[in-house]
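A.B. asks: Sequence:
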Amino acid sequence: MAAMIEIFDTTLRDGEQSPGASMNEHEKLQMARQLERLGVDIIEAGFPIASKQEFESVRKVAETVKECRVAALARALPEDIKRAAQALENAAHPVLHTFIATSDIHMTHKLRMEREQVLAAADKAVRLAKSLVPRVEFSAEDSTRSDWDFLVEMVKIAIAAGADVINLPDTVGYTTPNEIRDMFKYVIANTPGSDKVVFSSHNHNDLGLAVANALAAVEGGARQIECTVNGIGERAGNTSLEEVVMAMRTRNNVYPYDCRINSREIVPSSTLLGMLTGLAIPYNKPVVGRNAFAHESGIHQHGVIANALTYEIMSPESVGRNRSDLVLGKHSGRAGLAKRSRELGYDFDEAQLDRLYEKFIDLADKKREVFDDDLRMLIVRMINEDFELYHLVEVDTFGRNPAKALIKLGKGGETFTDSATGDGPVHAACVAIERITGASGRLETFEIRATTPGKEALGEAYVTVDFAGQIFKGKGASTDIIEASVAAYLDAVNKYLAYRESAENGITLRGM
Numbered sequence: 001m002a003a004m005i006e007i008f009d010t011t012l013r014d015g016e017q018s019p020g021a022s023m024n025e026h027e028k029l030q031m032a033r034q035l036e037r038l039g040v041d042i043i044e045a046g047f048p049i050a051s052k053q054e055f056e057s058v059r060k061v062a063e064t065v066k067e068c069r070v071a072a073l074a075r076a077l078p079e080d081i082k083r084a085a086q087a088l089e090n091a092a093h094p095v096l097h098t099f100i101a102t103s104d105i106h107m108t109h110k111l112r113m114e115r116e117q118v119l120a121a122a123d124k125a126v127r128l129a130k131s132l133v134p135r136v137e138f139s140a141e142d143s144t145r146s147d148w149d150f151l152v153e154m155v156k157i158a159i160a161a162g163a164d165v166i167n168l169p170d171t172v173g174y175t176t177p178n179e180i181r182d183m184f185k186y187v188i189a190n191t192p193g194s195d196k197v198v199f200s201s202h203n204h205n206d207l208g209l210a211v212a213n214a215l216a217a218v219e220g221g222a223r224q225i226e227c228t229v230n231g232i233g234e235r236a237g238n239t240s241l242e243e244v245v246m247a248m249r250t251r252n253n254v255y256p257y258d259c260r261i262n263s264r265e266i267v268p269s270s271t272l273l274g275m276l277t278g279l280a281i282p283y284n285k286p287v288v289g290r291n292a293f294a295h296e297s298g299i300h301q302h303g304v305i306a307n308a309l310t311y312e313i314m315s316p317e318s319v320g321r322n323r324s325d326l327v328l329g330k331h332s333g334r335a336g337l338a339k340r341s342r343e344l345g346y347d348f349d350e351a352q353l354d355r356l357y358e359k360f361i362d363l364a365d366k367k368r369e370v371f372d373d374d375l376r377m378l379i380v381r382m383i384n385e386d387f388e389l390y391h392l393v394e395v396d397t398f399g400r401n402p403a404k405a406l407i408k409l410g411k412g413g414e415t416f417t418d419s420a421t422g423d424g425p426v427h428a429a430c431v432a433i434e435r436i437t438g439a440s441g442r443l444e445t446f447e448i449r450a451t452t453p454g455k456e457a458l459g460e461a462y463v464t465v466d467f468a469g470q471i472f473k474g475k476g477a478s479t480d481i482i483e484a485s486v487a488a489y490l491d492a493v494n495k496y497l498a499y500r501e502s503a504e505n506g507i508t509l510r511g512m
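Per our numbering: the sequence shown = residues 1 to 512.
Between beta-carbon pairs, the in silico distance windows are: (1) Ala-120 to Glu-63: 32 to 38 Å; (2) Asp-349 to Trp-148: 53 to 59 Å; (3) Gly-399 to Ile-448: 16 to 22 Å; (4) Gln-17 to Thr-421: 37 to 43 Å; (5) Thr-108 to Val-393: 54 to 60 Å; (6) Glu-67 to Ser-419: 47 to 53 Å; (7) Ile-281 to His-109: 33 to 39 Å; (8) Lys-408 to Met-4: 53 to 59 Å; (9) Lys-339 to Asn-252: 32 to 38 Å; (10) Ile-448 to Ala-335: 33 to 39 Å; (11) Ala-468 to Ala-351: 36 to 42 Å.
Simulated pairs of lysine-lysine, DSS-like, Cα-Cα distance not exceeding 25 Å: (12) Lys-408 to Lys-359; (13) Lys-82 to Lys-60; (14) Lys-66 to Lys-130; (15) Lys-330 to Lys-367; (16) Lys-82 to Lys-124; (17) Lys-339 to Lys-367; (18) Lys-66 to Lys-82; (19) Lys-66 to Lys-339; (20) Lys-52 to Lys-66; (21) Lys-82 to Lys-156; (22) Lys-339 to Lys-366; (23) Lys-110 to Lys-82; (24) Lys-156 to Lys-196; (25) Lys-130 to Lys-196; (26) Lys-196 to Lys-124; (27) Lys-52 to Lys-130; (28) Lys-156 to Lys-110; (29) Lys-156 to Lys-124; (30) Lys-156 to Lys-185; (31) Lys-330 to Lys-359.
Since the hints were made in silico from the structure, they are not lab data. Virtual Cβ for every residue (Gly too), placed ideally from N, Cα, C.
Use the sequences and the hints to build the structure in full.
C.D. replies: Here it is, written out as structure tokens:
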């Protein structure tokens, strides 16, 4: 029987630290539910001490998720650990993840502590964490640049203090497969009681080796891999969940391991994360990219038609990408919509289904073919409406240079109308929104993408807007590009207004 590898997903914590990838509370909840469907063993929900918003997000995820463990990160400091434990109070399966650096460069320049002080701090941190939650993970930050004998000493202390999981991370993406394999073998072989804990590997992708290093760590004795959907994360990102899982599944003769992941939820998870963060998935991204199963060469096309295995080492269906995902049209009924929504992982009550059906019919009138990605975007947009301060009722634009826009926004049962002129229709509409909301920002980036193929494709707009030095992301979708762009700008405005309201109430938030 293949050895089981636990998948520790840190998309909501380390992944969210990727520039431009931050998510607000309800976006984190959507992603957490999808990770649960994906079958990860642990969801690292965040860093509760960072802010009140982060604490609340971790608490909500911990309350919601039932099928897998929920972890919260804490430095090796009493206040961090207690705060993390509070956020996990209602978790069905809580994990407190505490860490301290063990490399000389970190101890000297960041911690400014001697080795003995670091060992003592780790001992106290793990003991405190273990007194508060049943399962504790300890990470020796920057393990791959640490002295191996000191690492062994640290791991001994962490195990004696009650740690259940020992993580040896490649914090700066510095190591190579041979080095990390040997490091795990050395630490495990020289640490008494190493067979009583799970060893974990957390790798960054600065040299493009994160997946290779994770697999090598498993060969060295690690039985937990820490990773993120789409490989997002600090700097160049983390180990890609989809790549490391499918490497084990596809090359099981080389890597005789398995995990709980439902691989058919890989593409839905990747797609949802892209929608929530606005981070585009590269077309050539392994496993989940649009071109991952595309064959342009005539020789390749002929081979795939004859037998898909000639040029495909895995099937698109095995990772949740159907060769044809056309699902519904304007003559489809509510039952068909409800069925496909459930298949995509969303189970709505009657009122929610009524709202979704209205949006679906509106889209189906504009498009003959409604694809899964169209439906996912409609669902995400509907869920987001429940958290909006303002919602777009109507946008009308006239002329080009100058252009004029008439905007109607709804808020709390009221409708607000204003008009403005600008250099183009989108600029004019944004000025009108600013006049209604009182929030004025500077557009930093603006991007339009087609969600699905065809002339009538649903377009996605992504913006980043600077409000008084704070950057906020917005996203919108419509078959009308101007409407999608205006919706994206309004989304950023809503996030800024929520931030400002929280700040006025004394709550410290990071930019959403």
